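Chemist: Sequence:
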Amino acid sequence: MTLEEKFAKLDDTVKKMEQEDITLEESFRIYKEGMELLKECNEEIDRVEKQVLVINAKGELEEF
Numbered sequence: 000m001t002l003e004e005k006f007a008k009l010d011d012t013v014k015k016m017e018q019e020d021i022t023l024e025e026s027f028r029i030y031k032e033g034m035e036l037l038k039e040c041n042e043e044i045d046r047v048e049k050q051v052l053v054i055n056a057k058g059e060l061e062e063f
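No gaps in the numbering here: position 25 of the sequence shown is 24 in numbering that gives the first Met the number 0, and each next residue is one more.
Since the hints were derived computationally from the structure, they do not count as laboratory data. You can trust all of the hints, since none of them are fake.
The list that follows gives simulated cross-link-like pairs (lysine to aspartate or glutamate, EDC-like), each with its CA atoms no further than 20 Å apart:
1) K5 <-> E39
2) K49 <-> E59
3) K8 <-> E35
4) K5 <-> E35
5) K5 <-> E43
6) K15 <-> E32
7) K15 <-> E35
8) K8 <-> E32
9) K5 <-> E42
10) K31 <-> E4
11) K38 <-> E3
12) K5 <-> E32
13) K14 <-> E35
14) K38 <-> D10
15) K15 <-> E3
16) K31 <-> E42
Distance windows between CB atoms, simulated:
17) I44 <-> E24: 25 to 33 Å
18) D20 <-> D45: 34 to 42 Å
19) E19 <-> L60: 47 to 55 Å
20) L37 <-> E61: 25 to 33 Å
21) V53 <-> T1: 19 to 27 Å
22) L60 <-> M34: 34 to 42 Å
Being a predicted model, the structure only gives us computed values, none of them experimental. A virtual CB, placed ideally from N, CA and C, is assigned to each residue, including glycine.
With these hints in hand, go ahead and build the complete structure from the sequences.
Modeler: As structure tokens, this is what we get:
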């Protein structure tokens with residue numbers, strides 16, 4: 000699943016949590032799934048940030 004797809008799924012998760020007819024047990028299950036998905040997103044973002052390269056003052060590439 001791409002990062003964009005994960006964000007879309009998180010958005011769906013929030014919408015489900017906002018429903019008035021959701022049971023407490025269902026809301027806990029959805030919350031847990033959302034937190035796991037959020038963790039995956041954060042890990043992926045961290046990994047990408049470490050791979051970003053910048054040009055330093057000497058004109059050399061270095062990691063961001």
